[in-house]
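Chains as they are written, first to last, in the numbering used here: chain X, 1211 to 1588; chain C, 2 to 262.
A few of these clues could be false.
Said to hold, decoys possible - Here are the computed lysine-lysine pairs in the DSS-like style, where the Cα-Cα straight-line distance is at most 25 Å:
1. C:56 - C:80
2. C:117 - X:1287
3. C:76 - C:56
4. C:240 - C:230
5. C:80 - C:66
6. X:1280 - C:117
It is worth saying that the hints were derived from the structure and are not from the lab. Treat the numbers as computed from the prediction; the structure is a model and nothing was measured.
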Amino acid sequence: MSVDNNAPCLSSRELPDRRLEIVLSGDWTAEVARPSVDEILAPLANSQAEICFDTSQLGQWDSLLLTLLKAIDAHCKQTGIRVNRAGLPVGVRGMLQLTDAVPEQEGVRRTPPHSGLLEKTGLIGIAVWEEAIAMLTFIGEAAIGFVRFLLGRAHYRRVDLVLLIQECGANALPIVSLISFLVGMILAFVGSVQLAKYGAQTYISDLVGLGMAREMGALMTAIIMTGRTGAAFAAQLGSMQVNDEIDALKTMGFSEMEFLVVPRMLALILMMPLLCVYSDLMGMAGGGLVGLTMYDISILEYTQHILARLRFQDLAVGVGKSVVFGVLVAISGCMRGMQCGRSSQAVGMAATSAVVTGIVMIVCADAVMTLIVIGMKW
Amino acid sequence: MGEPHITVTELTMAYGDMVIQRDMNFTVNRGDIFIVMGGSGCGKSTLLRHMIGLKQPAKGSIFYKNLSFWDASPKQRRKLMMKMGVSYQSGALFSSMTLAENIALPLSAFTALTRKEIREIVSLKLALVGLAGFEGYYPAEISGGMQKRAGLARAMALDPDILFFDEPSAGLDPISSRLLDDLILNLRDNLGATIVVVTHELSSIFAIGSNSVFLDGESKSIIAQGNPKRLLAECEIAKVHQFLTRGNLRKNSMSAHGDKV
């Protein structure tokens, strides 16, 4: 059937009764240059009643020939010319029949949406409103789940909770150590350059101690945990959504809030304060290293200064913040995971959105809490 | 037509130390609709993964015409793979792309076609699987059966010589499943393509299969080959007969076991 090394060729000849015969020969495949659709359609401009095909010299063909024939079809339909497919190879005829088998349903095709500025603004407004409602609903449901947990009525697997605590606690120690130590060093370094101008470099300890305890320890831990654990929660719950696992839980009679969200929230609420205290200590150690190496402040002196200056409230403020941050990380991660759509792309979006939501909520909450703490003169 | 297209010789499949099937030998002829059947867990899908180049055999080779797939150079292998179309069990469409983009992806990457030509081919392929007009939809917006057909449209994008189907009728209603069978027959008849189908759907097996292998999980080997209808009529092996008759033993229809479906 195949005629090798045969360039595709097209010609037409007029037959009696206003019929036009299109002669296709050679190989019509993607690898070789072909006559364009317009060339084929050109002879059709005359007023024929029917077109037919002669394909006795046609070699190989592929989908491109089919698309050409479809184009001819569409053109002839518009101009009212009959298409006689009898001269086409059996395979081509069969494939064309298949494409016609299920005609396009009306209203199925989509045109790209075109919306004006006003419409877009409105849509954004609606989206923000719906988002706010969804978040409040989620927080409410999570709170109910939490209360049920406290009353001992929640259904969950204890082993999951233990694993989550390990994941949010011990497994996070290396990254928290590194970041906190460096942040402590940076605080000490930036502060000491200024303090040294007044010969007050011994106050590095105050700066680092207070800075880490009241603010940076909690904030850095929270940001690390958003990126590390919040994103992981969102991705995991999102994949569970994609695999129908969450539906399975629901139909078994579990509440997804009690089974999935509350243990995650609890793990973070329990572990964040511990990580925060640990981060405080690591930061102070980092500051101490800068003091020791750059300004010859002995470790003993540095420690004594910190112990003298640091009050219990300072630590409590940081730890208190970290509890709030823990709740926020858990809520943003779990909420985005539960809201996740049913595709792999949606899982990616859920993880991204969990981190963004988490960081925004943490920084906003931090600002508010700092104002309150200062206002109360703690 | 009729010359050997895929030849599997002495193929042993294993995951680590766990052997799935050993010393498999069979030939798929051009234009065949070749069925790979067997109970759950016998290695049907694993065999498919070997044939489409996703998994390297522990032993043995797979020849495409005269070229051994795993001994070929990476370039030859890529070329061979471009001539294969695979329709995955769940469609495996890229969820971040519309149907049109899914089908256009191999076309724009591996051919020199213009955008307009690609658009036309995309519409043609969607029309072939009965999805005319669905170009702009994302996979998540259409039903499972439609996803499956769209996956087939993508598998056919490059006009493959060989089409592989993994459980084509799983999750489809009987009518859709029947339509898909008709489509597979049509593609074979009209394109002259070779088709390999992994399935345990009996109605499909008898409706479309022209040749088959029966994998057995216990003996880890092929225990029967041939046209499924002939196997039903002639095969003396109890397991095969039970499988092909949904659990009825040849002379004793009372002892139907529920574990072979």
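Quick rundown of the hints versus the structure:
1. Distance hint between residue 56 (chain C) and residue 80 (chain C) is fulfilled; the C-alpha atoms sit about 17 Å from each other, no more than 25 Å.
2. Simply put, residue 117 (chain C) and residue 1287 (chain X) have alpha-carbon atoms about 21 Å apart, close enough for the 25 Å limit, and the pair holds.
3. Note on residue 76 (chain C) and residue 56 (chain C): the hinted pairing holds, with a Cα-Cα distance of about 17 Å set against a maximum of 25 Å.
4. Proposed proximity of residue 240 (chain C) and residue 230 (chain C) is supported: the alpha carbons are some 15 Å apart, at most 25 Å.
5. With a C-alpha separation of about 13 Å, the suggested pairing of residue 80 (chain C) with residue 66 (chain C) holds against the 25 Å cut-off.
6. Of the pairs offered as hints, the one joining residue 1280 (chain X) and residue 117 (chain C) holds, with about 14 Å between alpha carbons and a cut-off of 25 Å not exceeded.
Consistency with the previously given hints is maintained throughout, with no hint failing.
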